[in-house]
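*Asks:* The residues making up each chain are set out below.
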Amino acid sequence: MSESELGRKWDRCLADAVVKIGTGFGLGIVFSLTFFKRRMWPLAFGSGMGLGMAYSNCQHDFQAPYLLHGKYVKEQEQ
Amino acid sequence: MVARVWSLMSLSVKVASSRPALHVVKRVLYIIEVWVDGATGSTVLHYRVSPCGRFLIKGSVAGGAVYLVYDQELLGPSDKSQAALQKAGEVVPPAMYQFSQYVCQQTGLQIPQLPAPPKIYFPIRDSWNAGIMTVMSALSVAPSKAREYSKEGWEYVKARTK
Numbered sequence: 001m002s003e004s005e006l007g008r009k010w011d012r013c014l015a016d017a018v019v020k021i022g023t024g025f026g027l028g029i030v031f032s033l034t035f036f037k038r039r040m041w042p043l044a045f046g047s048g049m050g051l052g053m054a055y056s057n058c059q060h061d062f063q064a065p066y067l068l069h070g071k072y073v074k075e076q077e078q
Numbered sequence: 001m002v003a004r005v006w007s008l009m010s011l012s013v014k015v016a017s018s019r020p021a022l023h024v025v026k027r028v029l030y031i032i033e034v035w036v037d038g039a040t041g042s043t044v045l046h047y048r049v050s051p052c053g054r055f056l057i058k059g060s061v062a063g064g065a066v067y068l069v070y071d072q073e074l075l076g077p078s079d080k081s082q083a084a085l086q087k088a089g090e091v092v093p094p095a096m097y098q099f100s101q102y103v104c105q106q107t108g109l110q111i112p113q114l115p116a117p118p119k120i121y122f123p124i125r126d127s128w129n130a131g132i133m134t135v136m137s138a139l140s141v142a143p144s145k146a147r148e149y150s151k152e153g154w155e156y157v158k159a160r161t162k
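Just so you know, the protein sequences line up as chains A and B, in that order.
Read in my numbering, the first sequence has 76 at position 76, and its numbers run on one by one without any break.
Read in my numbering, the second sequence has 121 at position 121, and its numbers run on one by one without any break.
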């Protein structure tokens, strides 16, 4: 993996993390105001969900060149 | 006729618990109600939102937010999120500028023009790489340099003690 490609992946990861954490936080605000009587836990839950999804995406992105994709092939009966 | 239509259309929402956003709506409706009463002298109908209606409103707001997130693919792959962030960066500043201009026109206020922020160019990656290379080269020559300096010091001490 070249340095420029690595830099692009880091940029994508950071942008993805910002968007996902913000989206989770926003959804947490909406649900907190509508259904959960302005409690704080939906905000924390939404932000945590967004952070976890961003981390998972980043992990998959960085491991992508080294992941081997296999498939099952049925043995043909002779 | 107009007064009767206004009296039928005007609503007074009674909220059980005080909430800031609904407080503002309640205040605005009260102002409209007082204006209509003052202009026409007619009575106003009071309408209470049922729990079912309240749940439907909340459900529609929450469902709309969830659908917006799904439609814009904000919780999808990372390249879609990056594109959405880029698009927001292009759309939001002109929209904020237009909104501030509209507010200035409506209210008559004038927002002072702030000076442009200084453009600072600081390549973090280059500085970090240069720092790492400097530290590693210093560590690699450290044993030979230490030997050289200790030898020079020993020669100096020998010359002084003669």
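Any given hint could turn out to be false.
[As the list claims (entries may be wrong)] Partial chain B-side listing against chain A, Cβ under 8 Å, derived: (1) K58; (2) L75; (3) S78; (4) Q82; (5) A116; (6) I120.
Please keep in mind that the hints were generated in silico from the structure rather than gathered at the bench.
Just so it is clear, the structure is predicted and the values come from calculations on it, not from any experiment.
Cβ coordinates follow ideal geometry from the N, Cα and C atoms, glycine included.
*Asks:* It remains to establish, for every hint, whether it holds in the given structure.
*Replies:* Each hint tested on the structure:
| no. | hint | in the structure |
| --- | --- | --- |
| 1 | K58 | holds (4 Å) |
| 2 | L75 | holds (6 Å) |
| 3 | S78 | holds (4 Å) |
| 4 | Q82 | holds (4 Å) |
| 5 | A116 | violated (25 Å) |
| 6 | I120 | violated (19 Å) |
Against the hints set out earlier in the document, violations occur for numbers 5 and 6.
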